[in-house]
Amino acid sequence: TLVPLIAAPERRFLVGRDALLTSLQRSSARPPMLSLRERDRNELDRELELLVDRAIGLDETFQHDALDSIELKNALVGAINHIAQSRGTPFKFDILGFDACLMAGLEVAFQVRNLSSFVVASEEIEPAIGWRYDLLVNSIAAADGNISARDLSSAMVASYIEGMRDYRIRLVTQSAIDMEQIE
Numbered sequence: 001t002l003v004p005l006i007a008a009p010e011r012r013f014l015v016g017r018d019a020l021l022t023s024l025q026r027s028s029a030r031p032p033m034l035s036l037r038e039r040d041r042n043e044l045d046r047e048l049e050l051l052v053d054r055a056i057g058l059d060e061t062f063q064h065d066a067l068d069s070i071e072l073k074n075a076l077v078g079a080i081n082h083i084a085q086s087r088g089t090p091f092k093f094d095i096l097g098f099d100a101c102l103m104a105g106l107e108v109a110f111q112v113r114n115l116s117s118f119v120v121a122s123e124e125i126e127p128a129i130g131w132r133y134d135l136l137v138n139s140i141a142a143a144d145g146n147i148s149a150r151d152l153s154s155a156m157v158a159s160y161i162e163g164m165r166d167y168r169i170r171l172v173t174q175s176a177i178d179m180e181q182i183e
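Numbering of the sequence shown is given in the numbering used here, commencing with residue 1 and proceeding in unit increments.
No lab work stands behind these hints, which were simulated from the structure alone.
Since we're looking at a predicted model, the values are computed, not measured.
Zero decoy hints are in this set.
Restraint ranges, calculated between C-beta atoms of paired labels, are given here: (1) 158 with 85: 34 to 44 angstroms; (2) 178 with 90: 12 to 22 angstroms; (3) 84 with 128: 33 to 43 angstroms; (4) 81 with 144: 27 to 37 angstroms; (5) 151 with 172: 13 to 23 angstroms; (6) 88 with 129: 39 to 49 angstroms; (7) 172 with 138: 14 to 24 angstroms; (8) 178 with 77: 16 to 26 angstroms.
A virtual CB, placed ideally from N, CA and C, is assigned to each residue, including glycine.
The task is simple: from the sequences and hints, build the whole structure.
Structure below.
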């Protein structure tokens with residue numbers, strides 16, 4: 001079921017909140033992680049314009065709107081509150097991953113500082129190919145699913161850098177940010 005996370009009439013960001021909740025309830029895997037991906041569009045000019053605002057989640061069906069860092073926080077808080085209420089216990093992601101350009105800045109980290117233990121993101125523009133999720137899944141499988149959030153964050157950075165090796169990209173950046181250090 002798609003439900004609006006932001007109840008503003010001029011914005012129609014939708015997320016499968018029930019799908020997110022169901023997958024988290026069915027999974028006993030730790031750490032719980034959410035990866036937000038921003039790809040698969042041909043509008044480079046609009047994408048570069050969004051980068052100035054550190055926006056994510058371009059909605060091509062609704063006036064090419066996107067979430068800025070405050071709206072992103074509000075959307076995630078809504079989802080986290082719903083998950084916590086459904087589970088009957090407090091909830092926090094161990095890792096928020098941003099498979100998107102320029103999301104490792106302090107302005108984004110500050111907004112999501114209480115929502116996860118770690119943020120994995122790039123300080124620069126990421127190639128359109130995005131993360132190599134196969135390498136990331138291999139890291140989790142190699143640890144037999146028993147991996148700490150800190151170690152998984154490091155593995156995410158390493159798998160991204162490894163995945164970019166074949167693409168001859170001059171500048172590759174990816175960071176794992178310990179959110180306890182953000183005040």
